[in-house]
Each structure stands twice: as C-alpha cells, then as structure tokens.
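**Student:** Single-letter residue listing:
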Amino acid sequence: MSEPNHARAVLSFAGLNLLLASGDLRTIESASNLTFSDPPEHGLGWIHVLEQRCPVFALSSDLTPTRQLPEGRGLCAIVDHGDGLSGLLCEGIRVIKDEVGPLMPLPPAMRRPDSPIQAVAPDGSGILCAVDVRGLVHHLELASLIRPGSGQIATGADS
Amino acid sequence: MSRCSGWKLEFGAGERAVIGPRELLHLFDAPRIHAVPRTPAHCRHLLFWEQGVLPVLDLGAWSRGERSGETATLIGLVGFAGSAGGAPDFGALVLSSVPTRIDVDDGWACVLPETLNRWRRVACACFELDGEILPVLDLSRCFAPGLPPSTED
Numbered sequence: 001m002s003e004p005n006h007a008r009a010v011l012s013f014a015g016l017n018l019l020l021a022s023g024d025l026r027t028i029e030s031a032s033n034l035t036f037s038d039p040p041e042h043g044l045g046w047i048h049v050l051e052q053r054c055p056v057f058a059l060s061s062d063l064t065p066t067r068q069l070p071e072g073r074g075l076c077a078i079v080d081h082g083d084g085l086s087g088l089l090c091e092g093i094r095v096i097k098d099e100v101g102p103l104m105p106l107p108p109a110m111r112r113p114d115s116p117i118q119a120v121a122p123d124g125s126g127i128l129c130a131v132d133v134r135g136l137v138h139h140l141e142l143a144s145l146i147r148p149g150s151g152q153i154a155t156g157a158d159s
Numbered sequence: 001m002s003r004c005s006g007w008k009l010e011f012g013a014g015e016r017a018v019i020g021p022r023e024l025l026h027l028f029d030a031p032r033i034h035a036v037p038r039t040p041a042h043c044r045h046l047l048f049w050e051q052g053v054l055p056v057l058d059l060g061a062w063s064r065g066e067r068s069g070e071t072a073t074l075i076g077l078v079g080f081a082g083s084a085g086g087a088p089d090f091g092a093l094v095l096s097s098v099p100t101r102i103d104v105d106d107g108w109a110c111v112l113p114e115t116l117n118r119w120r121r122v123a124c125a126c127f128e129l130d131g132e133i134l135p136v137l138d139l140s141r142c143f144a145p146g147l148p149p150s151t152e153d
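As you go down the protein sequences, you meet chains A and B in turn. Position 21 of the first sequence, counting from 1, maps to 21 under the UniProt record's numbering, and the rest follow consecutively. Position 111 of the second sequence, counting from 1, maps to 111 under the UniProt record's numbering, and the rest follow consecutively.
Worth flagging that the hints you see were computed from the coordinates, not collected in a lab. These numbers come from a predicted model, not from an experiment. Be aware that a few hints might be false.
Said to hold, decoys possible - Just some of the chain A residues that point at chain B, by a computed CB distance under 8 Å:
#1 Leu75
#2 Ile78
#3 Asp114
Unchecked claim - Label-pair distances were calculated between CB atoms; the ranges are:
#4 Asp98(A) with Arg22(B): 36 to 46 Å
#5 Ser32(A) with Val98(B): 23 to 33 Å
#6 Pro108(A) with Pro21(B): 39 to 49 Å
To be verified - Non-contacting residues of chain A with respect to chain B, defined by C-beta distances greater than 10 Å in every case (computed):
#7 Leu16
#8 Arg26
#9 Ile28
#10 Glu29
#11 Ser37
#12 Gly72
#13 Glu99
#14 Arg112
We put the CB at the ideal spot given by N, CA and C, even for glycine.
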C-alpha cells in the first residue's frame, strides 16, 4: 500500500503522528496568520489561503476538537477534504516519500464506526496512523457536538 | 469424567478467566504498545508483532467498565480459531500476573452466576475450581469487532 514517488505528509500533535494520503496536504501556513474572531462552530478560527477562508481546528490526542489553542501548535496544515480546505494546527509537519512501511489495517477489535483512522504503520519506535481526511473532517463535525444538557464540548474521554 | 488443562489468567482486581492450553502462545514483559485514537476504551492499544499488528485487549478494564491504562507490564499473546474456521487469529491480552497452568475436570462445569454476568458476552463455559468460579473465554468473541462495554446489556 506504499505509494512510491508520491509525497505524503505526517502531521504531529498531542503525541500523534497522522499520515495523510498523497495530495491531501495542500500547503502549510503559520498559525500566527489565524484570525480568531467569530470562529467556526467546531473550530478555533480562520485562515485565508489560496483565495479561500478556511476553518482551522486544533485536535486533542483522541482527535476531539479543542476550544483553546494548545501550546506549541505553530503550524497550520491546509488539507483538502474534497469539499474544500480546512486547517489543522500541528506541532510538526513532515513530508515523506518512500519512508513509510506497509500500512496495516486496524484490527477489527479496535475499529469504531466514527473513527477516521484506517490503518497504521510502524514509525521508528512509534506509530503512524493513516487517516482519511474526508473522514476526519466528518469526524470533527460529529465529535464536537455539544453534550446534551452539559453545555460542554465532548471531551472524547469515552473514546 | 475427562480432564483437560488450561491457563488461568489474572486481569487485576480479582478478575480471572481461563483459556485453552494451546491458546496462550507467548508472554511479553513490558512490551512497547501504541495508543490509537478513537478506539474502544478497553482496546486502545496495539502491538507490532511479526510484521503484523495485534489488538491489545484489557479485559480487566472492560469488566470494570474502565478505560485501559497507558502502559501494560505483562501481555499474553493468544491465538484462536478464526472466523468461519479460517486462518487462526491472534491478539494480545493485558495480564496482571503470570498465567497459571491448571487441570480441569468436566464434572466441575457450572452455571455462570449472576455476579459474573458481565462475562457472559465473552465466555463459552464456566467451572468451579477450589471454590472459585472461573469463566472460560471464547477468544473469538473477545476480539470480535464492536464488543460492547460489559456494563451494557
């Protein structure tokens, strides 16, 4: 399942390394270019890029949207999810070519229907989680639903 | 009466169960496991093994309705009959102590008591040994997709 000659991006934040499919990363911006006024429903703010106003999200270690800018997220990965562009705040972004080992599907016992994680691969002593960007954006819309009666954004603690 | 053997597994906080003698394949002491986001609370980690990937199932956390911890000091690698009699499947279980080999007599079979009802979803039998009721795990059910929390009926 490796894709030789096609650069792929690894987005790092909150201890995660998310592997995007080839072509999903459109560009990289500085998080200092964000505007925080009137943020999108599930996001932190907006960024203007490629003549578009893109919603920007910051995710926790369980891929739950956060409402506060986490420390160290100085980079904004602009990803193409098919219906438009979105920004994901990252601590690091790595562009790789042929360095990804074979992707292995997540074992059935670990799958959840609401997860955008499709497969995994070893990455040195760590792990890469391959995500479908379209599924990730859909997941953001679901995961950030207000908990009934609590007025709080879901924390994902039950993930 | 026929006798057979098995492995008694401990999952912490007094949670115990038994698997077949040939289902326990390997023990790992403090292996490196990897958390994956958006996974079930009792099966949040995986283990790379033999060019493959194994789910790490914390049946103790599952039984108690808890979220599995960030580390595991002892992991048992298990193999079991795959679905539809296909190739064997493999998985990993979080253990709290080294498994104990036991001998079991058919005559010790019993009904799973109400107090252990939570094990009904993953147990295929049950027996009493030295006054202790021990569920026998059906590993294919343990590692089936969508195992609901033990607290969910």
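**Student:** Indicate, hint by hint, whether the structure satisfies it.
**Tutor:** Status of each hint after checking the structure:
no.	hint	verdict
1	Leu75	violated, 19 Å
2	Ile78	violated, 21 Å
3	Asp114	holds, 7 Å
4	Asp98(A) with Arg22(B): 36 to 46 Å	holds, 41 Å
5	Ser32(A) with Val98(B): 23 to 33 Å	violated, 54 Å
6	Pro108(A) with Pro21(B): 39 to 49 Å	violated, 25 Å
7	Leu16	violated, 6 Å
8	Arg26	holds, 23 Å
9	Ile28	holds, 22 Å
10	Glu29	holds, 24 Å
11	Ser37	holds, 30 Å
12	Gly72	holds, 18 Å
13	Glu99	holds, 16 Å
14	Arg112	violated, 6 Å
Checked against the numbered hints given earlier, the structure breaks hints 1, 2, 5, 6, 7 and 14 and satisfies all the rest.
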